[in-house]
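Sequences listed follow chains A, B and C, in order.
Numbered by the working numbering, the letters in the first sequence go through residues 1 to 299 in order.
Numbered by the working numbering, the letters in the second sequence go through residues 1001 to 1270 in order.
Numbered by the working numbering, the letters in the third sequence go through residues 2001 to 2294 in order.
None of these hints come from the bench; they were simulated from the model.
Fair warning: this is a prediction, and the values are worked out from it, not measured in the lab.
There's no promise every hint is true.
To be verified - If you only want the chain A side, here are some residues facing chain B, beta carbon under 10 angstroms, derived: (1) ALA187; (2) LEU189; (3) ASP190; (4) VAL192; (5) MET198; (6) GLU209; (7) ILE210; (8) ASN213.
As the list claims (entries may be wrong) - Straight-line alpha carbon distances no greater than 30 angstroms define the calculated DSSO-like cross-link-like pairs of lysine-lysine that follow: (9) LYS1265(B) x LYS2063(C); (10) LYS2174(C) x LYS2052(C); (11) LYS2082(C) x LYS2052(C); (12) LYS1024(B) x LYS202(A); (13) LYS2063(C) x LYS30(A); (14) LYS2149(C) x LYS2174(C); (15) LYS2063(C) x LYS2052(C).
In this text, a Cβ means the ideal position worked out from N, Cα and C, and glycines have one as well.
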Amino acid sequence: MAERRAETSSPLSGDRVHQSLWSTLRRDPKVLFAGGFLLLLVLLAIFAPFIAPKDPLEQDLMLGTLPPAGGSGYEPGYFLGTDDLGRDVLSRLIYGTRIALLVAFIAAGLAALFGTVLGLLAGWYGGLVDIVISRLVEIWMAFPPVLLSILLVAVFGSGVHSVIAAIVIIDWTRFCRVIRAETMGQARLDYVIAARTMGYPKLRILIREILPNVLPVLVALLSLEMGIAVIVEAILSFVGLSVSSDTPTWGGMIAQGRQIIYQGWWVLTFPLMALFATVLAFNQLGDGLRRALDPVLKR
Amino acid sequence: MAELLLEARGIEVTYGNRRKGGVKVLHGVDLHLARGETIGIVGESGSGKTTLGRALLRLVDVSAGEIRFGRQVITHLDDRAMRPLRRRMQMIFQDPMASLNPRHSIRQILGDPLLFHGLARNAADAEERIRRMLDRVGLAAVVLGRNPHELSGGQRQRVGIARAALLEPEFVLADEIVSGLDVSTQAQVLNLLKGLSRDLGLSMAFISHDLSVIRAVCDRVVVMRNGRVEEEGDCASVFAAPQSAYTRLLLDAIPLPEVDDTWLKEPAPA
Amino acid sequence: MMTPLLSISGLSAISLRERGAPILRDVSLSLARGEVRGLVGESGAGKSTIAKALLGILPGTVKVTAGEIRFEGRDLLTMPQKDFRAIMGSDIALIPQDPQTALNPGRRIEAQLTDGLRLRRGMDAKNARERALSLLAEVHIRDPERVLKAYPHELSGGMRQRIMIASAFSLEPKLVVADEPTTALDVTVQKQILRLIRGMQEAHGTAVIFVTHDLGVVAKICDTVTLLYGGKVIEAGPTAAVLSHPRHAYTRALIAAGPRYDRPDAGLEPVPQAVFDQLQAELAMPFSSEMNHG
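So that you can see chain A by itself, here it is in the shape it has in the complex (with noise of 0.2 angstroms):
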């Protein structure tokens, strides 16, 4: 077995690490359902037009403000209702996952990238390095968040890539201050002190030993950001910084249920569950995903 490992680059890694991963994972019932729930959010938005029994963007004012099942008035094949112009929830629900979605995994994975890779090279070298790196943070957390965004949509316009850029360069800096805190810590650890003593180069130092260990941190720290990603995003839909109105999101949908909820409540009440649920699913999956990946914790 160590000979086939031979010719893969890390030739001595060990298996048995993501077996017991995947084991804990199985037995933890919070991290099944919350998966399975994104799991389920990944294959709407990846089929919505399969799947979304109407067109999103299709008007019938002959329809306007139809009942969900249940109710009086309505109108079958309009599962959860239809809003003041006639669009039917459901699919606009089903089709609102598609930004949703596409905002929580680039938004956070960027913010995470950029902040991960500072925080550790801060960590782990000090001296200069952490001193720029740390003002610069500092400096840049002092910037209201908002007028952040709003300037960048001023900039770039209004658009999905506006909500990403003003989501990661926000939000960078909340990987980098953790992962700097974590990596100083490791950085502490006799085992960090035995590769030294081993002559390891500090770049591989960081990477092969530390970065390991950082992982659990990191991997629960993306999961609540995907979770602030969806929300940001569909926050800046609300007041109509984000995609261009034709386009459903359930922040667009929720501002435009807000308008008609004496009308019709179910406008505004399943885009904020669909928002509700995704967001407490990411946060779910990251706090089991931690302690699945802690070798420690997970005793």
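Start from chain A and add chains B and C according to the hints.
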């Protein structure tokens, strides 16, 4: 006298910023170690014994003095220049759990250094050496696929010893390596280390707070207090007739497993 | 014979985490008033579990399956919570292993030392302070006024352990449980602390359960000793008898395994495999009251 392997002269270590008046933890310590010799470094917390050990391995910088390894002065060598020497000077840690990367398998922990220093040509070669060493330290090959937290304390410390011994070093620093272990495990680990150092002709610096352990494994002993050497000499003579009052105090404070009603009644040490 | 202060009988416990693996196996021991008994053993022996069961602080992963812990004739395990809380801290007190974490870092020593006196003994602030000062003097703290005003981090490890001892004895308990109280200390400080615990115990006539892994410490401070392995009592009796004439092969092996500075050629003898085999066989046996003396 045997050939000198490691020598420290007048080393001082200061933590914190020197210009702003950092804390000096070593005040000019001399130490010498011959090939094949085992020296014990004993002291209470704050004595500077751990810092001395780390200074010898160039893990902390010295602010004054000179450290010599073999024929080379290593006091101010940088990381790159130290790299080839790292294989020749190894360390075994107090807490084997903390000193083994929790996310690496034992195979990786033992194999990576062999490949890095070119002692093994490939993974298969490394595997063979590792298995031989595991046999030597009394571990079954099944541990190779495990991670550190899946082993017992005694097993982890054997892995720590194996990691150091695999590189065929000339000098090993053992820092309180049995203080976290049960008595029965401690005896096994110490016997193993004694055997290995004899077979490999190792020089060893054995740091401990426990004079009984030092007596059992060392040829010579250095008693440290507040960053200075309080007393130094052959174990036989220091233990039979300690010259320093502090050494006597340390010896008197060790509770031997014999009932002695007078022991607690003696006047309190200052 | 007078009824013992503490009498543990047939105490058994299992770990819920490791599929019901036994942690304590039919442990019995008794303690007279004013007696110092050592609970000694290697890790996993169950010595701490006994202490925790006694103090009612067993972790949720450990479950007592049988037995009783009688304190002055009443079973601590089955008495109402209210009665148990009245006994804890008042009649039974703890000296913890790590004085670092046992003291609240955010409160001054005075507040922590007088809590029990005011809440349990109904003293007013002035009287409680007087009592705290005399307690600190009793544990040989030189400048008690200054120490009362200090926060824990301003004191050395030895000082903090002295304060924990003062605190444990402050309500005149009948039983003090000392859970490895010197493990984290230097040898010279350890000796002072052992002397102090023994002195306080003798002056107040307090019984002590002294948990330790060090047979040397047992020899110096304990009147009687109970040696455990795998949650089972292996040997028990007066300290001098157990240490100089051990009956069980494991006791003999443990004594031989410890290095001794005064005998460089003795010690460091690994416990023979035959002894471990014998222990395993005995653990597998359901009952062996033959070993449980005293």
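Hints and how they fare:
1. ALA187: violated, 12 angstroms
2. LEU189: holds, 5 angstroms
3. ASP190: holds, 4 angstroms
4. VAL192: holds, 8 angstroms
5. MET198: Hint holds; MET198(A) Cβ to chain B Cβ min 5 angstroms, cut 10 angstroms.
6. GLU209: This interface hint holds because 6 angstroms falls under the 10 angstroms limit.
7. ILE210: For ILE210(A), the interface hint holds, since the closest Cβ of chain B sits about 9 angstroms away, which is under 10 angstroms.
8. ASN213: Nearest chain B Cβ about 6 angstroms off; hint holds.
9. LYS1265(B) x LYS2063(C): Violated: LYS1265(B) and LYS2063(C) sit about 42 angstroms apart, past 30 angstroms.
10. LYS2174(C) x LYS2052(C): holds, 17 angstroms
11. LYS2082(C) x LYS2052(C): holds, 18 angstroms
12. LYS1024(B) x LYS202(A): Holds, because 27 angstroms separates the two Cα atoms, which is no more than 30 angstroms.
13. LYS2063(C) x LYS30(A): Cα-Cα ~26 angstroms, so holds.
14. LYS2149(C) x LYS2174(C): The hint holds at about 29 angstroms.
15. LYS2063(C) x LYS2052(C): holds, 12 angstroms
Violated hints, listed in ascending order, are 1, 9; each of the other numbered hints is respected by the structure.
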